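Undergrad: Residue numbers (the working numbering), protein chains in the order written: chain A, 144 to 341; chain B, 7 to 173.
Quick caveat, the hints were computed from the structure, so don't treat them as lab data. The structure presented is a predicted model; accordingly, all values stated were derived computationally and were not measured. Honestly, I wouldn't trust all of these hints.
[As the list claims (entries may be wrong)] Examples of chain B residues lying across from chain A (beta carbon under 8 Å, computed): (1) Ala44; (2) Ala47; (3) Trp142.
[Said to hold, decoys possible] The calculated EDC-like cross-link candidates involving lysine to aspartate or glutamate, where the alpha carbons are at most 20 Å apart (straight line), are: (4) A:Lys206 to A:Glu154; (5) B:Lys51 to B:Glu168; (6) B:Lys51 to A:Glu230; (7) B:Lys51 to A:Asp151; (8) A:Lys186 to A:Glu230; (9) B:Lys91 to A:Glu230; (10) B:Lys91 to B:Glu39; (11) B:Lys91 to A:Glu154; (12) B:Lys51 to B:Glu147; (13) B:Lys51 to B:Asp153; (14) B:Lys51 to B:Glu39; (15) A:Lys186 to A:Asp210.
Even glycine gets a Cβ: it sits at the ideal position worked out from N, Cα and C.
Here is how the chains run, residue by residue.
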Amino acid sequence: MSITSLFDSVESHDLAAAVNLASSLRSAIDNVLAAIDVLELRKVLKTPDVAYRVLARVFDLTKRTTDVRYENPNDVALLVYALVLNENHPVLAVAAAGAICQVPNLWWASAFATEIIDNRTRRNDTSGETLTTISVASDVVDRVFVTDPRWLLSPGARLSAFSVTTFTANDTLVIPTPDATTWTEEAEDTRDLGLMVA
Amino acid sequence: MPEIVGLGGPRDRAALQLSTRLGNHIANARRHEMAPDARRASVRKWASEFPQARLRSITATYNCFGMVFGNRRTWVLEEALELIKNDDGYRMVLTPRVGDVAIYRRTTDVEHVGIVVEIRSNVAAASHEVLVLSKWGAEGEYLHREDHVPQLLGRPAEYWTERMEEP
């Protein structure tokens, strides 16, 4: 099955209905993993090229305008993409989660993105890593600000991102593009996204 | 940049002030409605796969826990179940009566709940058939035979009740 066909299946009403039988994120994930097309996607996702196509698909879906009166129709698809990326490509999963957190009216996808980012925060807190996608406001305990990673990849640069092959030891995502840009920020009492475009 | 931590808690602006009998907060969140085309597709899919299940309502704003424990007002989070069971005085019973709660499990966790609405005796077969009203996740609310649900919702495992017997 082609990757385009897999995208179509993942974004279908049929899969959404099956996953939406769940009443908890745990069950929703079980339902996703029980779907045959998702199994197929997990197999092909082991190659970096496909992983970057999935990340690009996440960026594409999260940029689409939807009817704000209703739940985002790509909720289940975004959950699936974040889930499969998280299995083998945790750095890409963090970028996907950052994009998902920018989108209103999501349900499962935003819950799972929160888990990805929350886990990353805890890892950073304990390991001393400097890379994180979030900043925690110092005056509150329950608000987290997530930087939008989509601005890193312009339409031209996104194509070259598909050929990425290198992850550095400290888990920094390295994307070879013609216009090298590095962005990190240490704001007062906050920690921000440090994705590097090289 | 959304607020993403503390979903369903007392400080979550999307949560209703919903409490157990003992006054403890029931974790919940108000989910957005599904778009009309998604609701139509949902009704068609489950009608073809479970033709004997009768649709009562199609909305994504509450789940099975919200239907049974939140009066259909909100999506009750799974982690609130144990609190509700203890604070509201639910106990397990072997023989259900109308109004009791049917519990579905896939493994050990509670996957799904519904309300027992009718118990039909089958004298010839020396058995009974339990009819349940339940909300299938964000999909429709259906009246169905207790075992006539998608496999992903689990199988009927036990019944809970909070009824008080005549003193």
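Undergrad: Going through the earlier hints one by one, which of them does the structure break, listed in rising order?
TA: As far as the earlier hints go, 5, 6, 9, 10, 11 and 15 are violated by this structure, in ascending order.
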